[in-house]
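J.: Kindly generate the complete structure, drawing on both the sequences and the hints.
There are 2 protein chains.
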Amino acid sequence: MKLLEERILKDGHVKGGNILKVDSFLNHQIDVNLYEEIGKEVYRLYKDSGITKILTIEASGIGLACVVAKEFQVPALFAKKNRTKNIDGEVYAAAVESYTHGITYTIIVSKKFLNPEDRVLIIDDFLARGNSLLGLVDIVKQSGAALVGCAIAIEKGFEEGGAILRGKGIRVESLAIIESMSEGKIVFKNQS
Amino acid sequence: MKLLEERILKDGHVKGGNILKVDSFLNHQIDVNLYEEIGKEVYRLYKDSGITKILTIEASGIGLACVVAKEFQVPALFAKKNRTKNIDGEVYAAAVESYTHGITYTIIVSKKFLNPEDRVLIIDDFLARGNSLLGLVDIVKQSGAALVGCAIAIEKGFEEGGAILRGKGIRVESLAIIESMSEGKIVFKNQS
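Protein sequences, first through last, are from chains A and B. So for the first sequence, our numbering puts the first residue at 345; every next one is plus one. So for the second sequence, our numbering puts the first residue at 345; every next one is plus one.
These are calculated hints, taken from the structure and not from any lab test. Hints may be right or wrong, so weigh each one.
Note that the list lumps identical chains together, so a pair holds whenever it fits in one copy or between two copies.
[To be verified] Distance condition first, Cα-Cα at most 20 Å in a straight line; then the derived EDC-like pairs of lysine to aspartate or glutamate:
{"hint": "1", "residue 1": "K455", "residue 2": "D375"}
{"hint": "2", "residue 1": "K425", "residue 2": "E441"}
{"hint": "3", "residue 1": "K365", "residue 2": "E402"}
{"hint": "4", "residue 1": "K456", "residue 2": "D375"}
{"hint": "5", "residue 1": "K533", "residue 2": "E385"}
Remember, it's a predicted structure, so these values are computed and weren't measured experimentally.
T.: Here it is as structure tokens:
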């Protein structure tokens with residue numbers, strides 16, 4: 345997606361340790377018009393797939409999931425990191441190792457909101473090692489719903505997450521795939 | 345807001361310990377069309393206030409903040425709970441006691457994204473004891489920005505948060521205020 349790639353080049357910053365900072369427009373401060381364009385592009389990619397639910401994980405996926413869900417006119421659903429008293433009843437749960445936070449936590453989704461009739465699209469802002477997405481895939485599997493695919497804003501193509509997911513036969517659409525960012529120079533994979 | 349009150353009556357559930365479950369449409373699964381109506385109502389209430397930024401706190405405020413920000417055509421910004429390696433540079437920080445999670449944590453906002461020229465509207469899905477909002481108010485104050493007010497989806501009017509905030513002279517607009525919910529019967533405050 346040209347618009348997103350241009351914005352990454354303009355406002356993204358590469359930091360040591362392979363960190364790409366896009367906090368001015370994607371995952372701390374949010375450019376809601378860019379989000380809307382991302383939502384439209386995801387809709388274009390998956391509009392014929394009979395999606396019934398958009399699934400993401402807190403926190404930074406939630407805004408994108410809402411905007412995408414608006415395009416599809418279906419509910420958004422976000423997996424919670426397990427520390428709340430306020431989810432009752434039965435939940436689907438999966439373990440997720442967080443590279444960013446250096447911990448492993450449990451993510452949960454209430455069983456009320458995913459069932460075998462659902463056709464699920466998973467959304468997230470980033471795909472790197474793929475741990476969050478694999479946790480969400482696990483939850484979709486537990487529910488018996490059909491996993492239609494994943495849509496990601498930015499994939500770090502030089503990390504293994506994309507290959508792992510695609511290797512499982514999962515459709516993964518990343519709107520910008522970074523092939524390399526050594527010495528601060530961002531190179532995108534040509535997807536056209 | 346009639347539409348929200350009706351939805352709470354239809355799909356909300358009162359649990360022991362003064363818990364109102366609205367996880368089927370507001371803060372786990374999300375009805376994005378309801379969100380859009382909430383966004384329009386918040387815009388109607390604050391449209392003449394020169395808002396330059398929408399501020400919320402992760403996680404469940406983020407979706408609402410994005411939808412509201414879209415109406416105002418300004419950026420959304422969410423305070424992060426302090427456990428990430430990915431925020432660099434200087435941050436505003438405030439302590440927040442979480443009743444729901446039974447812990448105190450630090451919330452942070454990068455100094456890059458709030459400054460004295462900003463006019464800030466704070467958004468959240470719930471107002472009960474007011475701890476999250478007071479943390480956000482503190483951060484706005486540290487930044488030197490003008491706090492225009494707060495907009496909340498559901499206020500528990502029988503808890504003290506609303507009175508504390510309004511007692512500080514802060515404009516607080518809650519789209520549904522629950523006066524009582526004893527014995528499972530939800531009574532709203534008449535705001536018309």
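J.: Where does the structure disagree with the numbered hints, that is, which hint numbers, in rising order?
T.: No hint contradicted; all consistent.
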